[in-house]
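Below, each chain spelled out in residue letters.
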Amino acid sequence: MTLTKKDVRNFLATNKIVALLLVIAVIWAFFGYMTYDADLGGSQFLTARNFSNLLRQMAITGMLASAMVFVIVAGEIDLSVGSLLGMLGGIAAVLDVTYHWPLAGTVAVVILLGIGIGLFVGWLTAYQGIPSFIVTLGGMLVFRGAVLGLTGGITVAPASEPLKVIGQGYLPHLGGNVLAVMLFLLLVVLAFRTRAGRIKHALPVSSMPVELARLAAVGVVILGFVMTLDSYQGVPVPVLILLVILGVFTIVGDKTVFGRRIYAVGSNMEATRLSGVDVNLVKMAVFGLMGLMCAFAGLTTTARLAAGTPSAGTGAELDAIASCFIGGTSMRGGVGTVIGALVGALIMASLDNGMSMLGVETFWQQIVKGVILVLAVWMDIVSSGNTR
Amino acid sequence: MADYLLEMRGIIKEFSGVRAIDGIDLTVRPGECVGLCGENGAGKSTLMKVLSAVYPHGTWEGTILWDGRELKARSIRETEEAGIVIIHQELMMVPHLSVAENIFLGSEPTTFGGFVDYDAMNARAAELMKQLKMPDVNVALPVMAYSGGKQQLIEIAKALNKNARLLILDEPTSALTAAETRTLLDLVKEFKARGMACVYISHKLDEVAEIADTVTVIRDGTHVATLPMADLDTDRIITMMVGREMKNLYPRTPHEIGEVVFEARDVSVWDTTNTERKLVDGVSFQLRRGEILGIAGLVGAGRTELASHLFGCWRGEHVGEIRLEGRPIRVHSPLDAVRLGICMVPEDRKRHGIVPLMGVGHNITMSVLKRYTRSGLIDDEDELAAIQAEILRMKIKTAQPLLPIASLSGGNQQKAVVAKMLMPEPKVLILDEPTRGVDVGAKYEIYKLIFDLAEQGVAVLMISSELPEVLGISDRVLVMGEGKLRGDFPNTGLSQEKILAAALGKQDKVAA
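Just so you know, the sequences run in chain order A and B.
First residue of the first sequence: 90, per this note's numbering; consecutive thereafter.
First residue of the second sequence: 287, per this note's numbering; consecutive thereafter.
Isolated chain B, as found in the complex (with noise of 0.2 Å):
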């Protein structure tokens, strides 16, 4: 037997009577990089939860072995000080914060009389960035002054400075631009041959299959596999993951594509903050009829300003005409798009998609109430068949109608999102990173209602920065890069490269 690093095994968590997780084994060898993988609720967050100590030695039953020990943590304190770091999908900032100062959050180094040894933390900091190729970070600046990407950076500049023997990165490419991965990806590699173990969980196989040694699948909270990635491949992984065979991972159902119902014209959009920066830069396109029109470009390339100006909730400067189905049109508010048949799922789900406290069902029926009510009142009934029949439709898991969202996994609470969009029937329908951190199966079903919808002549507009995806579903593809429309071509015969060319806006050396 090789030693391990860490030795997870038998690790039982119950939530109120219900088994969240059923004697799951993980194990990580120094050096070694495990991939983790299974759908959303399949227990890999609640396992990093008890492995962290988030929830403490106690909660739960199983053991932990740390370096052939028995580790009874019982805060995040402890197992920070052991060596065990993770790193969260959300990322843990305070944005006010200097770079310098979130990376020593909790440890500042301070000088006799407690003052905070500004000129050691800043030059430590300036070193771990140099370590992680980012020369060019102002340590000194706020970190809200750079990107998602190069916060989730940061983070792991945080993680190495705690001395961290072994990183757990959940989901840390799903808010980074292809450039970000790559230097993260690389980053990883360099670290593993440091010696440093790392847990890699995240939905994009491709990644985990580029720098997982061995992959750990855990599906509906009870461990399936453990193999080395040497044997496997990415469709063995989805296999292994939903229990089922994924044949097509893109349903594409033939639909007919009509006249042009919505049309951009020269649409510009100014930073808030920064009122000088302009974020969309003279974009114009045509929406038809049952078309879904993907729109693809690198993160900060003004695709989700975009789609806020024609939704009506930019609250910066805008400029630009909007037409629907041939005639002006103005939308000066979310309420005004909906009115006339727009509808937009936001990026941000937590913030942006649903009201937490509420129920399910009355998280659907939001944008519609009025239909429900009869001289004032709301008709319970109507609103639960109506809920029901949603439910039904869009494969929602949930216990009971009105259980609160908040309560269901990531890719349910998508789909109500999206029922909730799709219920006042828009003509045009904006999806801005309509899966993100969404699981295999719920991807599925998602995709397979644009199709549908695409079929009853709905006009789609996906924004995504998964390329497999554009390609997948698209029917025509925009590209955009630093606000601007870089390219804009039929799906046939496109590549992942010809877009990614085109977004850093070199067309011409592809063309050449």
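Just chain A, with the same shape it has in the complex (with noise of 0.2 Å):
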């Protein structure tokens, strides 16, 4: 059997994710070869180091994209997040600061802003019938008026020792390890039972070897990348709350009736109210979720640069928003993936990282990211055949 350019092509188009990957694979590639250099030992890009640097880099813009997915699968958009992650970032930092309130104290007073905040934003777009556009747009001024207004215009430092952990801290190596192994057994249980379930029911599912190849190619990623992070100091704590917040989301994407109610809502939302379904308080739940999530990332830059500073996020929301149309997601709602937009965020982190390697110069790196963002997704379309 040859494998022709229509078998691939199909492959592709089943597998958005092995595509994702493998364009990592070759920007990868392409800078470790640039940042080769013989009297430094080896290439600069491939380095421990930088590989959890490139991490805690995209943590923030993947913690706004985990949430902003649901957003856009829901048919809306949210332009707020820049804003409001810089909100609650500064919020944060003075309640740390300038008050020394307990970590505990300043993260619940965070976290309920934030998803009160998304809430709030969500019932203007849901029940009052703004478009979600408009009233994120409004949002996004508001949000940065009041930072700019909460820190004085000056930079809140500096931030405290608990907080900082959030951001700067590392797992220790015994703990990273432990996690790896029950991830991998989780998965692996999860693969079983799903094949399980699916020959009860006569679904078409792959063949053994195949499963196990699957399985032991996610084995050997978890343990490549578990393994590459201890040799620097260990996996970021910013990176551990991702991956968390990946497992949730997925979890509540692809098992919950509310992420089922999400798919549906983008999908034909007349359909779906008619069914009997409330589809305002979906919309309205989904727009709190994302506020969680910048209370999240506003959390976690603070702690990063152990200060509160009034530009903070600024520009985030646009990350967030390309990461999801480059990980799969449809801008017309009803499709897409939190692992997709993860890679999609992982993607514009390694082009960031790679080219202030190189030293190129800030113009060209956002003319370079805004290019793939275009050809990305006209990859995607050309790839499904949705050429008209």
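Keep in mind the hints are simulated off the structure, nothing from the lab.
Careful: at least some of the hints might be erroneous.
[To be verified] No farther apart than 27 Å at their CA atoms in a straight line, the calculated lysine-lysine pairs in the DSS-like style are these:
#1 B:Lys656 <-> A:Lys289
#2 A:Lys289 <-> B:Lys681
#3 B:Lys490 <-> B:Lys784
#4 B:Lys656 <-> A:Lys344
#5 B:Lys683 <-> A:Lys289
Computed from a prediction, not measured in an experiment: that's the story for all the values here.
Hints given; two lone chains; assemble the complex.
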């Protein structure tokens, strides 16, 4: 059997994530080659240290993108997340630096505020019928204004040690290893349970060797991931948080009534409403989730910089939205995955990181990122045969 | 051999290895009307898409001879230039543009400098309207000001303006009133007399029998027969379409009618845009356990609006009392309705029925998904088991339970939508045009299901524009006209004429 162009295309269309991982491999290979320096002992891009940096850089965009996927799948958009991140991060900084609140108190207040503001934005969109583009465009200005007023336009520093851990800490090696093993075992159990279920209902399953090969590949990736990070300082805390979010959100999207409804609302809202689903509640809740993620991202940003800055999160909404689209989320709603969006975020972060290492000027970096976004979506459209 | 205007020979079209049509022949002589019959999914639409070059030359096998020469069109534009114009089942109109602008869309007459010549355009459009016996249409008004039936005729004006020599009508009357259907059929006859050829696709075989000279029947993508209509009758066409004898179109079974479960009192509904206009005007009725109540009436009589109000999804002003099992209830949303045990299968399947990107199964379980959760997570096993039971019960033809619903034929989609609304085990089921655009086989299944439900004690309210269906299914028939209830007849000795007369408000004449 020979592989034709069509076979490859079909494979990539059904396994979008593989296509995206290939893109990452190409980008990494390129930067790995370009940053090769014999005097420094090899490629500067492909080091454990840089890998760790890269992941920490993508963590914040990743948190936003995880919830942004649901917003876009539900057929809405949120342009205010960068500003909301900045405002919540600023509040965290003020509570921590100025009022010396304990960490738990700061985190609790910021999270509740994030959810509350998200729900309010969702209420304006879902129940009052103001298009989300307008509500969040307004929110973008309001929240940025609020953070400027709150910080007085200056940096609020220094953050307390406990807060800094959220953004700068690392998981001890033993903890990381144990978590990795547990995660792998969980995935194996889930894979076999799903398989048994599909067989029971006479649904097609891949053959056993393929299944085992897939699990082995997952095992190698997890092992490689943890070992690489261990060889530097361990799994960074924000990366760990992001991975937990990935797991939880994937389950929410695939396995819960709420998740199923997000996709239904995005695919055909009227039909969903007429099926007896409270579509407004679903939409409002999605924005609540977005607010929660802004709180996480805000806390992480402040902790990482050890300070609250008035410009924190500027432009983050665009990175998050771009990550979703690169990761295969459909503009028209109804289609998209959290893992896809995170891989999209990783692609964006890789470009940022690699180009900075090469000393590419900032204006070029922006141009390249813009081109990559359009290119990625174009590839997606071509590969799924949706060209008109 | 007579000279053919169009000859399609041995057309084969494959979709990723599956043959949707497999060697179909279709011939049309000038001035002839060919009826194309087949169940949903038989390949009628695919064949017409091949003809109109929606699928360009080269993506299918076989030959098309047009006027004796081979046609190798690569786009709809080329086939339209040749004189082949297709009018789709779904109207292709830009609602905010005027009637004239729609007719001339893509071929606007221009003055020097590239400006649209509105005077010439409106004059020509008005002339076309006169030809179509609709002189009262104001061609400068937006198309959305006119009913679906008028819009259908405007589509035909568009085709005439393109100098069509072959007009393909795909289910043209599915949204038309009886009177509008009449106008359309008369027009087609007139066109025929003028030498225009026509391919008429319809599930309404009475119409086919009336205007077709020749009938071509296809089944499962293959050619079954091409015969002169003079040698055929509708029963024989049905037999050829389904490949088996359809003895009884309405599988009526005895069912017991119990006490009143549902009652509407003085329901009035106002238009959403024109808030002065009453669409439903003081309608009251009762519905009994196990009763099938048909609601007949012309399109625009307010039937769908009444149903929307009962189901809690009417967005405009509305008043009226609704009682379920003797207690007054408040239904503010479909969610309330479903919780109380009132379900509705909406009229417009594509816009209101299916969630296209989701699987058939996930569509079916949508309103009762919570049933299959265990500590907050959906139990795929439980859900799949329920889905497969439904697919079997409803005889939904799908290769896989989780195939996207949009890839199924209309009849199977409809069965899935009905299944979805049966999952909450309703006490009252509202069906709005349940068999619109559905093939004979699926229709039969749906009818059987309606009788089964009545037998189980469900009260069924069925809105239908097909009078034979209303008469074949209902225990009792309500007739609406201009928003008012114009008749409430037990279905004994009832005739289509009597219903129509009531709908038009001419009962007295009939009685006299």
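message: For a quick check of understanding: which of the numbered hints are violated here, in increasing order?
response: Failing hints: none at all.
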